[in-house]
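With these hints in hand, go ahead and build the complete structure from the sequences.
These protein sequences, in sequence, are chains A and B. Per the numbering used here, the first sequence starts with residue 9, numbered consecutively. Per the numbering used here, the second sequence starts with residue 9, numbered consecutively.
I should point out that these hints are in silico values taken from the structure, not numbers from a laboratory. There may be inaccurate statements among the hints.
Simulated restraints on C-beta separations [to be verified]:
hint	chain 1	residue 1	chain 2	residue 2	range
1	A	ILE109	B	ASP37	31 to 41 Å
2	B	GLU237	A	ALA32	48 to 58 Å
3	B	ARG317	A	GLU237	50 to 60 Å
4	B	VAL39	A	GLY54	17 to 27 Å
5	B	GLY54	A	PHE139	27 to 37 Å
6	A	ASP278	B	ASP329	48 to 58 Å
7	B	GLY54	A	GLY159	50 to 60 Å
8	A	ARG192	B	ALA153	40 to 50 Å
9	A	THR17	B	ARG317	48 to 58 Å
10	A	ARG28	B	GLU120	51 to 61 Å
11	B	ALA35	A	ASP25	31 to 41 Å
12	A	ARG192	B	ALA32	16 to 26 Å
13	A	ASP25	B	ALA88	32 to 42 Å
Since this is a predicted model, take the numbers as computed values, not measurements. Cβ coordinates follow ideal geometry from the N, Cα and C atoms, glycine included.
Residues per chain, in single letters:
Protein chains: 2
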Amino acid sequence: MTASKDIRTRAARLGPDDVRAAAARIAGDVVRTPTVRAFSLEREGGPELWLKCENLQRIGAFKARGAQHAIGRLDPSVRARGVITFSSGNHAQAVAWAARIHGVPATIAMPEDAPRIKVAGVRALGAQVVFAGTTSDERRAAALALHERTGAAIIQPFDDEDIVCGQGTATLELADDVEAATGRGLDAILVPVGGGGLVAGACLATRGRGIAIHAVEPAGCDAMARSLEQGQRVRVGPAPTLADGLKPVQVGELNFEIARTDLAGTHRVDDDELGLALVRLLVRAKLFVEPSGAAGLAVALRGLPRDARRIGVILTGGNADPTLVAALLERWGAEA
Amino acid sequence: MTASKDIRTRAARLGPDDVRAAAARIAGDVVRTPTVRAFSLEREGGPELWLKCENLQRIGAFKARGAQHAIGRLDPSVRARGVITFSSGNHAQAVAWAARIHGVPATIAMPEDAPRIKVAGVRALGAQVVFAGTTSDERRAAALALHERTGAAIIQPFDDEDIVCGQGTATLELADDVEAATGRGLDAILVPVGGGGLVAGACLATRGRGIAIHAVEPAGCDAMARSLEQGQRVRVGPAPTLADGLKPVQVGELNFEIARTDLAGTHRVDDDELGLALVRLLVRAKLFVEPSGAAGLAVALRGLPRDARRIGVILTGGNADPTLVAALLERWGAEA
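As structure tokens, then:
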């Protein structure tokens, strides 16, 4: 699959100014989440670790940023017809939440076997749920059909310029906060990758600042790493991972084009590393994250990226199942 | 027990300026912890809830503030002889940590049956541990003997002006942050009470600002409420509670004198309320607190204080046993 010239041109043209513009547009609606230094997770003589707490974001994940930005960027006459999406994860909640802020209806296409708690979650935010088969293709088809019928706008989960710039605002704040606190910039930032919206936004937000952006994926769900290795986007089969937020089978086209020019490295983490990182964040740093949200720290706990003296870690979200977290605490608490 | 006239005079004389001076002295050493609005814990149409995240403080609790302040206030020639304390909780870790910042030795008198993890905790911070019986009287006697022999200064856990002003800096930041964020002040702040250092500091920090300070104690460990009811300090027998940080049998003399003129109300919470509040903080607000740290929220979940439209809640600390938290998640996760 070769990217169109148009996508390459856009990937090259976008930059920090676009992310700053997105930040200005969504300020006051999303939370400017805290950046905290994790003294309790640092090794003696090791690098400083700075955590960007997107688990403290509205709806418990950074996805609120992109959804709020993308819906805000719609033409008002289009937006008035409502919005649709077909994610069943944090993006679904983010779209439901942002639609409510904008006062427009939201419809979420979910699988027939979606966990009740997720269905209840988007309904509690005022969104309508339509059930459509069990595969992502079926959900996407249902969303398209709805779009054709109602004219409601589809809010893409990650492969979209407005989403990417919205998600990039998290990294912008992290980089700015650490610079303000220390007088020096971060050397590197660890970013969990599913479809690549957050990491593409991280690249854009920091272009020209000398900060190395590193992607982190679950082992087996390494669509970005494999795509970069092969020089083109590849699909990976669904693989089991604790990090249910990082499972897309293919990264976004725009996101890949940005990543291929900007990314400094990629890392794969396994479930044991994710579990231990999650529990250390809880017990030491006192922050509750979902497994996907612990992926960046899992890499830092390996002592990577090497030679970085000041590392930023994006804690992407905190929407974890309490029973799972209880089990992980039992399993890893003594080693935390 | 009647307070000396001297104590009453001091209680009346102290105020926000003393707390601001303490804040200036400890700035850069302690963390200016985030104040976050807990949208996910608010009821539709209910008051705003603002959380002061002292679980994200150095050593995981607000006690770092008072210890750092009190040790910093010692005459350098006295401080050079080292410091001693006899708490086995967060204050012990705080003194060990602050002594290291000041480059002086710390000795902690602990019970012979102290949990290994607490002993290891203060040793990891470079403090020396001396074991002294199993009661608090024995530990206090050991500390006094050590003071006589070495001249090292005793750092009181709560009944001390420098400790009170140091702890008050947490409330000062909370009140300032909410005012800066909203343009309006808090109506009330919920403060967990053990020996009363934090709540006395909260009273001082907010004098003249029209913010109602409310004390929260575990049922059965209600030394402050009973003392206020009787008009003098009374001792309460040790009672079982999840909130092991809120068990002192008597509040401080200075603290009581401040509280009796300034406190707007007192509240008692039981273990079920503490457990549910702790789990809601975890699952909804994404913050890991110890049971004591959840006491303020437990009162807010009752809809108190009535008529307050903007409530501050101090999350005092996050040093909870992972196994206990896992059990509470299992017990309350479904209701969170």
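Tested hints:
1. A:ILE109 x B:ASP37: 31 to 41 Å: holds, 40 Å
2. B:GLU237 x A:ALA32: 48 to 58 Å: Holds: the Cβ-Cβ distance is about 54 Å, inside 48 to 58 Å.
3. B:ARG317 x A:GLU237: 50 to 60 Å: holds, 56 Å
4. B:VAL39 x A:GLY54: 17 to 27 Å: Holds: the Cβ-Cβ distance is about 19 Å, inside 17 to 27 Å.
5. B:GLY54 x A:PHE139: 27 to 37 Å: holds, 33 Å
6. A:ASP278 x B:ASP329: 48 to 58 Å: Since the Cβ atoms of ASP278 of chain A and ASP329 of chain B sit about 27 Å apart, the hinted range of 48 to 58 Å is violated.
7. B:GLY54 x A:GLY159: 50 to 60 Å: violated, 37 Å
8. A:ARG192 x B:ALA153: 40 to 50 Å: Holds: the Cβ-Cβ distance is about 48 Å, inside 40 to 50 Å.
9. A:THR17 x B:ARG317: 48 to 58 Å: At 51 Å between Cβs, range holds.
10. A:ARG28 x B:GLU120: 51 to 61 Å: holds, 59 Å
11. B:ALA35 x A:ASP25: 31 to 41 Å: holds, 34 Å
12. A:ARG192 x B:ALA32: 16 to 26 Å: The hinted range 16 to 26 Å holds for ARG192 of chain A and ALA32 of chain B, with Cβ atoms some 24 Å apart.
13. A:ASP25 x B:ALA88: 32 to 42 Å: About 54 Å separates the Cβ atoms of ASP25 of chain A and ALA88 of chain B, which means 32 to 42 Å is violated.
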